[in-house]
Amino acid sequence: MTLIPVIGLELGSSKVVALVGRMRADGQIMIAGIGEQPSSGIRKGEVTDLQQAADCVRSVVEQAEKSAGVHIREVTLAVSGGQISATVNRGFVPVLDHDRGITTEDVEQVLEIARAVSLPPERDILHTLCQHFWVDDLHRVLDPVGMEGRRLSLDMLIVHSLRGSIRNTVRTVRSVPLEVRDVVFSGLCSALSVLTPDQKQRGAVVMDLGAGTTDYMAFAEGVPAMAGTVGVGTDHVTNDVAVAFQISLSQAEKLKRESGSARVEPSDAGHRVSPPPEVGFPSRPISLRALNTVIQLRMEELFQIIRRELERARVLHRLAAGIVLTGGGAHLRGVCELARDIFGLNAAIGIPRGISGLAWATEGPEYAACAGAVQYGFRTQVKEHQLPWWRRWLWRRGHG
Amino acid sequence: MGNGGSTLPENRLVVLGLGHAGCRIIEALAAGSSRGPVLAAAHTSARALGLSGTITRIQIGASRTRGLGTGGDVELGRKAAETDRERWRHLLRDREALFLIVGLGGGTGTGAAPVVLETAREMNVLSVCVALLPMEWEGLSHVERARKTLPELERLADIFLPVPNERLTTHTAERQAASAFRESNRVLAGTVEGLWKALARPGYIVLDWAHFQRFAKGVRSPCALGCGEGRGRTRAALAVESLLNSPLLESGSRLARAQAVLITIAAGEDLLLKEIGDVMTALQERIPKESEVFKGTVVDGDAKGALRLTAMAAEAWVPPAAEPELSPTPSAVAPAAAPASPTGRRPVQTHLKLNGPARGRFQALEPTIYEGEDLDIPTFLRRGLSIEP
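Going down the list, the protein sequences come from chains A and B.
Residue numbers are given in the numbering used here: position 66 of the first sequence equals residue 66, and the series is strictly consecutive.
Residue numbers are given in the numbering used here: position 340 of the second sequence equals residue 740, and the series is strictly consecutive.
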């Protein structure tokens, strides 16, 4: 079975990235090309200027084409923003023929029912992800076919978002012009890319600390447990610093990267740092303690919000493997320690796994979402190949 | 991290009593404390101003009323206040805050109060207006006059605390009139005292001036005022009970509906950290989890063994955003030059004054709202933290 290259595309608030992936004979994914550019027309994960954003995507895709020596026509798009959220929906069916045991028809039926969730009119479903089957009272069943029982239930994690926001992003990409093969929640992409099967089994949450938004996805007992996004990102940290010390955004960004830390340390006392000089803005030295206090307050708040959401979804106590941080924000000094403090769980920086090729492109946590989009693209290709051709066609139409 | 913030120097606060009731309450305040903020009393009637020496006396409208009072004429009261606007400007010069205490329904207080509050706003002085509302039996005309001024006062004051006189005296209805009035004056004076002391004489937990401003700026409805007191070994619990029974808090229901609450705890040097903890735990149970709670403690030499609580509850409260009169600049933050203030006042606070719009680069975007808070506004601002650069 020959698979065509998959192009993962991420429209972030700080950068737009395209990764070209090829699958080798042994199933390993190789990154064959990359295109990257600072983004414009995108803020907080939303497209604010369609023209600018589309131009940016076009130039990134051209870079990737050159870099990989391919012609790119369609992409797997990682999305965030749009107030993405998730709920668990349970569907159940009575088993029709007790003697035969549970059949594939029963399973297909319960899948249909578990998917049928009623959302507010302005929201669309992004993903329906199977969690566990239940046969009568027996739960965490992975494959119920053939089992005896009266009732078959299925828990489904429904990931949904505001329609308008995602449509805008898709429209932007289509206008390049490019075809959008799949639209995937970037938190799911990051999770696919960085979590090991063991982490998924023991329970872990991936947090993609982006510039515009923070996307998170939790796995527990091997299945997706919770997903969401917070409209706060590292751009907010920069803005907080700029407002606190009355310096420009670019000075604040540099200060944050060079001297900032997500946690105030006792050793900060007495130290001062200077923002780089800029016309019209002072270059007064600033107390390091004050700088890190501003940063810590913001990051603490962000983590506390996610913690609250995980608690509400009753997922927090099921994450034995702890927290994995990805995205550009994972580079912030002290961010793992802060996460440990707030969640009371282990925290580490995640990098893309199971992927090789352009080392510098695949080793940074900020590429986890895009790399995950590539992996997702191959998964669906593989699944499609296993379907009869007419099923494939129908399925593709549904995703149009 | 909010501790060790800036306190309000006592001489930056002025407590002004307007009209008959206001003057009586200022007297009660003067009798209570040895030192404190500047106390002033203003009236059109010279006789009403026959007060003790520590109070700044302001007689207004002398040319109009010849020191005889307005006889209930609100227009006259207003004109008197307007003619003597310079007196308010002089009183408010170099001040950070004004506590205005006024009894509504008569002529002087009702007419002058809006003028004083306007002047305070013009001079950028934060204003807390405690307005006593007349009882039904004081006469329909009193009640009408008071009712007509209410919207204006709410609009002009940063914190508006309407106090129905009826509520104050419910539990003293059986007593003699004179002592009942004395009691309600004492209650009000005690509450105002608790508040300014928390701002100017901090104890373990500082009610940072910036915090108080934040509370004041976010208020979107009239506030309810309550106070309580306890003595003896279980004084913390007794004070909480007494506060919750405070008639103005309507058996604690005003607390239960509040979006923001300001609490002050005052006692002598013997105030225990445990007592502070007990008070806050007990009160937190009565306040909605989502409310913003501002608190301060006072170590008060005048306390004489009592533990006193005051609470201000705002039913509608919005985290204050950036000042609307500053126009957004493309690069988010304006250069650091301090603006020349209209009265040439030097800023008192040690923390940085914020010039640029706080939402900065997120100015033109849909705000990220989480549980009622606009997350685009810097976290340190919303927590009321002052940054020492």
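A few of these clues could be false.
[Unchecked claim] Taking lysine to any residue and the SDA-like style, the derived pairs with C-alpha atoms no more than 20 Å apart in a straight line are:
| no. | chain 1 | residue 1 | chain 2 | residue 2 |
| --- | --- | --- | --- | --- |
| 1 | B | Lys689 | A | Lys15 |
| 2 | A | Lys15 | A | Val223 |
| 3 | B | Lys689 | B | Arg782 |
| 4 | B | Lys689 | A | Arg308 |
| 5 | B | Lys617 | B | Ser691 |
| 6 | B | Lys689 | A | Glu301 |
| 7 | A | Lys15 | B | Leu765 |
| 8 | A | Lys200 | A | Arg314 |
| 9 | B | Lys689 | A | Ser85 |
| 10 | B | Lys689 | A | Ala313 |
| 11 | A | Lys383 | A | Arg174 |
| 12 | B | Lys695 | B | Leu765 |
| 13 | B | Lys689 | A | Lys383 |
| 14 | A | Lys15 | A | Ser40 |
| 15 | B | Lys689 | A | Val223 |
| 16 | B | Lys689 | B | Leu765 |
| 17 | B | Lys689 | A | Arg312 |
[Unchecked claim] Some but not every residue of chain A turned toward chain B, in silico, with C-beta under 7 Å:
| no. | residue |
| --- | --- |
| 18 | Arg43 |
| 19 | Gly69 |
| 20 | Val70 |
| 21 | Ile72 |
| 22 | Gly231 |
| 23 | Asn239 |
| 24 | Asp240 |
| 25 | Val243 |
| 26 | Ala290 |
| 27 | Val294 |
| 28 | Arg298 |
| 29 | Glu301 |
[As the list claims (entries may be wrong)] Ranges of calculated distance between the beta carbons of each label pair, as one might list FRET restraints:
| no. | chain 1 | residue 1 | chain 2 | residue 2 | range |
| --- | --- | --- | --- | --- | --- |
| 30 | B | Tyr770 | A | Ile125 | 48 to 56 Å |
| 31 | A | Val145 | B | Val693 | 21 to 29 Å |
| 32 | A | Ser118 | B | Arg555 | 42 to 50 Å |
| 33 | B | Ser651 | A | Pro285 | 53 to 61 Å |
| 34 | B | Ser621 | A | Glu384 | 58 to 66 Å |
| 35 | A | Pro277 | B | Pro767 | 54 to 62 Å |
| 36 | A | Glu105 | B | Glu685 | 49 to 57 Å |
| 37 | B | Pro767 | A | Asp97 | 32 to 40 Å |
Worth flagging that the hints you see were computed from the coordinates, not collected in a lab.
For every residue, glycine included, the Cβ atom is placed at its ideal position computed from N, Cα and C.
Hint check:
| no. | hint | verdict |
| --- | --- | --- |
| 1 | Lys689/B x Lys15/A | violated (39 Å) |
| 2 | Lys15/A x Val223/A | violated (30 Å) |
| 3 | Lys689/B x Arg782/B | holds (17 Å) |
| 4 | Lys689/B x Arg308/A | holds (13 Å) |
| 5 | Lys617/B x Ser691/B | holds (15 Å) |
| 6 | Lys689/B x Glu301/A | holds (17 Å) |
| 7 | Lys15/A x Leu765/B | holds (19 Å) |
| 8 | Lys200/A x Arg314/A | holds (16 Å) |
| 9 | Lys689/B x Ser85/A | violated (23 Å) |
| 10 | Lys689/B x Ala313/A | holds (19 Å) |
| 11 | Lys383/A x Arg174/A | violated (24 Å) |
| 12 | Lys695/B x Leu765/B | violated (33 Å) |
| 13 | Lys689/B x Lys383/A | violated (48 Å) |
| 14 | Lys15/A x Ser40/A | holds (8 Å) |
| 15 | Lys689/B x Val223/A | violated (33 Å) |
| 16 | Lys689/B x Leu765/B | violated (29 Å) |
| 17 | Lys689/B x Arg312/A | holds (15 Å) |
| 18 | Arg43 | holds (6 Å) |
| 19 | Gly69 | violated (38 Å) |
| 20 | Val70 | violated (36 Å) |
| 21 | Ile72 | violated (31 Å) |
| 22 | Gly231 | holds (3 Å) |
| 23 | Asn239 | holds (4 Å) |
| 24 | Asp240 | holds (4 Å) |
| 25 | Val243 | holds (5 Å) |
| 26 | Ala290 | holds (5 Å) |
| 27 | Val294 | holds (5 Å) |
| 28 | Arg298 | holds (4 Å) |
| 29 | Glu301 | holds (5 Å) |
| 30 | Tyr770/B x Ile125/A: 48 to 56 Å | violated (23 Å) |
| 31 | Val145/A x Val693/B: 21 to 29 Å | violated (56 Å) |
| 32 | Ser118/A x Arg555/B: 42 to 50 Å | holds (45 Å) |
| 33 | Ser651/B x Pro285/A: 53 to 61 Å | holds (55 Å) |
| 34 | Ser621/B x Glu384/A: 58 to 66 Å | holds (59 Å) |
| 35 | Pro277/A x Pro767/B: 54 to 62 Å | violated (33 Å) |
| 36 | Glu105/A x Glu685/B: 49 to 57 Å | holds (55 Å) |
| 37 | Pro767/B x Asp97/A: 32 to 40 Å | violated (56 Å) |
When held up to the earlier numbered hints, the structure conflicts with 1, 2, 9, 11, 12, 13, 15, 16, 19, 20, 21, 30, 31, 35 and 37 and fits the remainder.
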